[in-house]
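Taken in sequence, the protein lines are chains A and B. For the first sequence, my numbering assigns the number 1 to the initial residue and increments by one for each residue that follows. For the second sequence, my numbering assigns the number 438 to the initial residue and increments by one for each residue that follows.
Treat the hints with care, since some could be wrong.
If you want the footprint, here are the derived chain B segments under chain A, 3+ residues with CB under 8 Å [claimed, not checked]: (1) 475-489; (2) 498-505; (3) 549-560; (4) 564-572.
Okay, derived cross-link-like pairs now, DMTMM-like style, lysine to aspartate or glutamate, Cα gap no bigger than 20 Å in a straight line [as the list claims (entries may be wrong)]: (5) B:Lys556 to B:Asp507; (6) B:Lys575 to A:Glu255; (7) A:Lys392 to A:Glu350; (8) A:Lys392 to B:Glu535; (9) B:Lys462 to A:Glu361.
Some residues of chain B that are not near chain A, with every Cβ distance over 10 Å (derived) [said to hold, decoys possible]: (10) Ala459; (11) Asn463; (12) Val492; (13) Val541; (14) Gly589.
Hint data in this document are derived by calculation from the structure and do not stem from the laboratory. Glycine is no exception: its CB is placed at the ideal position from the N, C-alpha and C atoms.
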Amino acid sequence: MATTKRTVEVQLSTSGIDAEGRPQRVPLTVDEAGNVVTMAPPDGAEPDLAGEHMLINIGPQHPATHGVLRLVLELDGETVVRCIPHIGYLHCGFEKMGEYRQYNQIIPYTDREDYLNSPGNNVAFALGAERLFGIEITERCKVLRVIASELSRIISHLVWLGTTCIDIGAYTPFLWAFQQREEVYEMLEMWIGARLTTTITRVGGMGADIPDEFPNKLRAFLHKFPKVVDEIDRVITRNGIWVGRTVGLGAMSPEEAVNYGLSGPMVRASGVAWDMRKDFPYLDYETYDFEVPVGTNGDVYDRFLVRMEELRQSTRILAQALDRLPDGPVNIDDHRVILPPKSKATSDMESMIHHFKQVMEGPRPPIGECYVAVESPKGEKGYYMVSDGSSKPVRWRIRPPSFVNLSAIPRMVEGHLLSDVIAINASIDIVMGEIDR
Amino acid sequence: MSNGFTPVIAGSAGGTNAPAPATPKNIPNRGGTPNPSADALRAQFGAAIQRVDVVWGETNVYVERARLHDVIQWLHDDAGQRYDYLSDVTAVEFRDLEQPMEVVWHLRSLPYRRFLRVKIVLEKGTALEVPSVWDVYKGADWLERECYDMFGIAFVGHPDLRRLLMWEQYKEGYPLRKDFPARGRFSRSEQLRQALAANPEARYSKEELSIADAFEDLPTDMQRRLGTGERTGE
């Protein structure tokens, strides 16, 4: 039996409910030919707002700003005309506090600036301090530090992936990513006893050698983890919603990206093949076999692809590091810099003196300065240290990669929609602890 | 690469004969081979390059203050240098207060894989003013603002030199200066009193309120106070 469909909708400018509590339904106005006719706006409707700009404030307390970032946006309709970022809500003065601390005492501060990448920061700081002291670390220590840095890259990228998925509207990959992150944190806990704020390095060595069961646990993780990455890949890389919400957003050309000081996955997504591990190597990274993924468009989607591939490359590096892990001492054999074993400090006179001198006065580097930068998950993380010969640095400067990356956000969000600002902001991978320091 | 896209490759300018990058080892405290750009700078700028030294394998170039912008512009533009990346801008104040402050630029040449530290010595008794390099590197924007915020060094030519990490009405001075006490200048109770007395409208700048046409609607005394960044509510 043929039926005719009648389209109805709730009448505009009413509460939508009639006196008996039922929804009010009115037929759409149609002309004789059956075409829908636009109704004249009711009296008192909003005037035409073309040309009127609106000010909207996002943050500092907003879940999509990944911390305490505040963005003041000037909108024309839904399009961003201008973005004025405000930072500093989490400013703690780490650099100032570092001027009152011995070198080993500064390492816990590095945990707390980029708190998703604590082991990586510890390694970077120890490398800088060792340059300042003129120390060459042992081979086993180098490999252990590579393991620490790459594990930290994995956890940082996993947090980025999970939170960005939530920002854009996918919930499941967040759970998968955080499950894997938990496994890494279990390994770190097994290694050093702490999870988030690891303080895994010391100047001249590591806080602890890896426990005996660590290599097997890491091997099991390396076996399982790429499958989870592939799973996430299958779920979102070709997902229509994901692609639609990320492609073409916040694109930066290669020259522009370099000029704006972007680094890490941000600049590589724009097509700049620059990785500190390859081009300004440290920890013998030049002897590891891994690839540097590079994007072409520099948009949010390419940044996602680059980070996904970096997860896989990190597992390659970790496997190689496990295979080559040499036996031997972890710490250097110089008890003026590194603490002697606690058992000797209570039984051996000389060790006790070293212990006392180090804890009370701290080791003193010669006069000098150095800037040591590593490839952190966010980009070029540099520590600039100036020594005047005392046991505390005159100046300890953190070069925060996400700070410089975030400074380009007014350029990136210009002309995009308000909802895209969230996706672009997520793609920068900001950690406010590092930006405000 | 159908869209005519050409990737920028770090180290591409060195040619095939350039040595592969390697982890530096056994670096001496002083001395060593300086960065070739230091000699090129001497040849180009002569006496404006005051001193070159190599500390822990990194080359420091001390530049005359008036020529700094020219030097950095040249390093950025010259085909033999191509320092296209500004890593960091910061300043150093020493514990010995007789020693002058230094402003430090860390430059990186991606095509040649070089790293150079350019410095200015701010002699005692001179104004804390240095040229801004924002027109060469857009990335200098926040780095210079932070340096101004923390040290009070004015970057002449910066388009928007405001405080960055501290709030704009912050009156205690410049936190990373050595004469600034680690606990701050004001007592905790005074800081709390100021925070509670702050005008919530001052969370927006005059400029931001002007975008929304809200600034004109404010009472005149509040306009005046916001204009000067004052706090109210005593």
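Task: Hint check, failures only - done: Numbers 1, 2, 4, 7, 9, 10, 11, 12, 13 - these are the hints that the structure violates, sorted from lowest upward.
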